[in-house]
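Protein chains in written order, with the working numbering: chain X, 1 to 285; chain R, 1 to 251.
Note that these hints are calculated values from the structure, not bench results.
These figures come from a predicted structure and were not determined experimentally.
Cβ coordinates follow ideal geometry from the N, Cα and C atoms, glycine included.
Careful: at least some of the hints might be erroneous.
Stated by the list, open to error - Label-pair distances were calculated between CB atoms; the ranges are:
1. X/104 x R/221: 50 to 60 angstroms
2. R/113 x X/104: 45 to 55 angstroms
3. R/13 x X/15: 50 to 60 angstroms
4. X/114 x R/137: 31 to 41 angstroms
5. X/53 x R/58: 27 to 37 angstroms
6. R/137 x X/276: 48 to 58 angstroms
7. R/115 x X/276: 38 to 48 angstroms
8. R/121 x X/273: 30 to 40 angstroms
9. X/41 x R/135: 54 to 64 angstroms
10. R/221 x X/18: 46 to 56 angstroms
11. X/18 x R/118: 28 to 38 angstroms
12. X/226 x R/150: 54 to 64 angstroms
13. R/115 x X/27: 23 to 33 angstroms
14. X/121 x R/58: 36 to 46 angstroms
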Amino acid sequence: MPKRQISLRRQMTDYFFTGLAASLSVIVVSALIAIFAYLVLKGAGSLNLSFLTQTPKPVGETGGGMANALLGSVMILGIASLFGVPIGIGAGIYLAEYGRNRLGKLVRFTSDVLNGVPSIVIGLVAYGLVVIPQRHFSAFAGGVALAIMMVPTVARTAEEMLLLVPHAVREAAFGLGIPQWRTTLSITLPTARAGIITGVMLAFARVAGETAPLMFTAFGNQFWSFSANQPIAALPLQIFTYAITPYDDWHRQAWAGALMLVMLIVGTTTLVRFVFMRRMLRGTS
Amino acid sequence: MATAIEVRDLKAWFGKTEALHGINMSVAAKHATAVIGPSGCGKSTFIRCLNRMHETNPEAKAEGKVKVGGMDIYEMPAVDVRRRVGMVFQKPNPFPTMTIYENVAAGLKLNGTRNHRTLDEVVEHSLQQAALWDEVKDVLKKKSGASLSGGQQQRLCIARALAVSPEVMLMDEPASALDPISTAKIEDLIFELKQKLTIVIVTHNMQQASRVAEFTGFFLMGNLIEFDKTEHIFTNPSDKRTEDYITGRFG
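Put together the whole structure using the sequences plus the hints.
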């Protein structure tokens with residue numbers, strides 16, 4: 001019966017492609033799991049209290065930790081987000097709400113180009129922009145370098161998420177006599193909030209692991225520093241420094257640092273999402 | 001009979017295409033006026049010119065005089081016009097991130113009213129006027145506006161428009177996305193509302209026009225072909241084209 005044959009073939013095709021999609025998903029997820037598992041395997045052993053509370057010890061002495069680098073990373077990322085997120089969201093708002101013109105096209109193009117500029121070049125720019133005029137390395141310079149890297153991602157996702165907000169929502173606001181700036185701030189932006197936060201987190205996670213732009217901006221530091229105006233340690237820098245040494249003890253510490261860095265990124269992303277989701281629920285249901 | 005809206009020689013464009021070719025119309029205050037005509041005849045464009053929503057489209061342009069309560073709306077700020085001339089759209093469009101309460105209060109709140117008692121009163125009054133109060137009074141601040149049914153959402157949108165106390169309410173096919181029961185509720189509402197304000201309603205449904213409106217205008221290809229008392233339009237139209245349309249010979 002020809003009819004039955006067709007349905008059998010369709011069934012097989014269906015099974016095949018569903019299976020293919022499923023196995024590809026497994027590959028994607030397992031890569032992530034493999035990396036994380038390997039980090040835990042190599043790093044968890046050295047991840048103890050002194051690692052989290054002490055500064056690096058001189059070569060030959062065992063122990064010591066990356067507490068100063070953890071703090072440094074938090075500070076640099078804080079500074080980067082402080083500048084990068086508002087500028088990025090602001091640019092995204094401009095592109096989505098006003099940018100259907102030449103300037104908009106130009107901004108869109110340059111931001112895509114900026115997204116593709118190698119991170120070491122961004123570091124050099126921050127070096128020229130902040131380090132040379134100030135005549136010293138600083139956490140602030142590192143923050144500026146990472147902020148520059150965050151802007152294009154944040155701007156383009158914010159733009160896309162704002163454009164996903166149906167035009168009817170804006171029209172409803174205009175119809176009530178609400179001015180455009182108010183509509184954007186109080187209606188369009190909150191409607192696109194979930195997507196914009198995802199974009200910000202993507203940008204954050206991407207720059208959190210950057211090493212090259214910090215080399216000649218934040219520079220690194222073996223000691224505690226609490227000032228934005230001083231050279232400061234950062235996890236990626238410390239990992240790099242330790243990983244290229246010949247000492248086993250430092251290698252173990254580098255692994256622990258890498259694990260730490262991944263946990264910092266996952267932790268921040270989860271925390272932001274959690275805080276944000278609770279707000280969403282209160283608002284909508 | 002007092003005139004609420006005076007339209008003189010109104011022309012409207014999308015880019016280089018002229019969508020309205022000089023419309024003249026006097027809309028009676030505290031009555032409902034229906035605008036009918038085939039798709040693409042300019043009826044939506046027409047009512048969107050009455051509160052300057054037309055020009056929110058960057059390609060669009062309008063020319064002519066539209067006076068609401070004696071004042072030329074093209075000589076005052078657009079945001080002020082839209083507070084006096086409210087609008088309800090074809091598809092219910094509550095603000096998705098806001099609760100029922102916030103939706104109704106949005107027009108006042110985002111224009112600077114902070115007093116909670118005033119807001120509470122306006123929200124209750126508007127929802128009552130929109131015949132939605134009894135259905136939502138217990139979940140005002142708990143449920144999102146988007147969680148209501150389609151018919152309820154549309155009444156929420158009407159309440160939201162009423163909250164800024166407009167003189168005129170424009171309705172662009174307000175019931176075309178709703179089931180017959182919700183449609184009947186909206187029509188009942190129009191009966192109530194026109195005691196207090198002027199209504200201009202665009203509709204594809206000629207029965208609806210004859211049920212709710214005292215006056216009806218028939219549009220065709222950007223022209224107002226005929227404008228008269230509703231019963232006159234439907235029983236004894238003066239123009240052949242009106243007759244053809246209402247008897248279903250085209251459109």
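Subject >> Hint check, failures only >> reply: 1, 2, 4, 5, 6, 7, 11, 13
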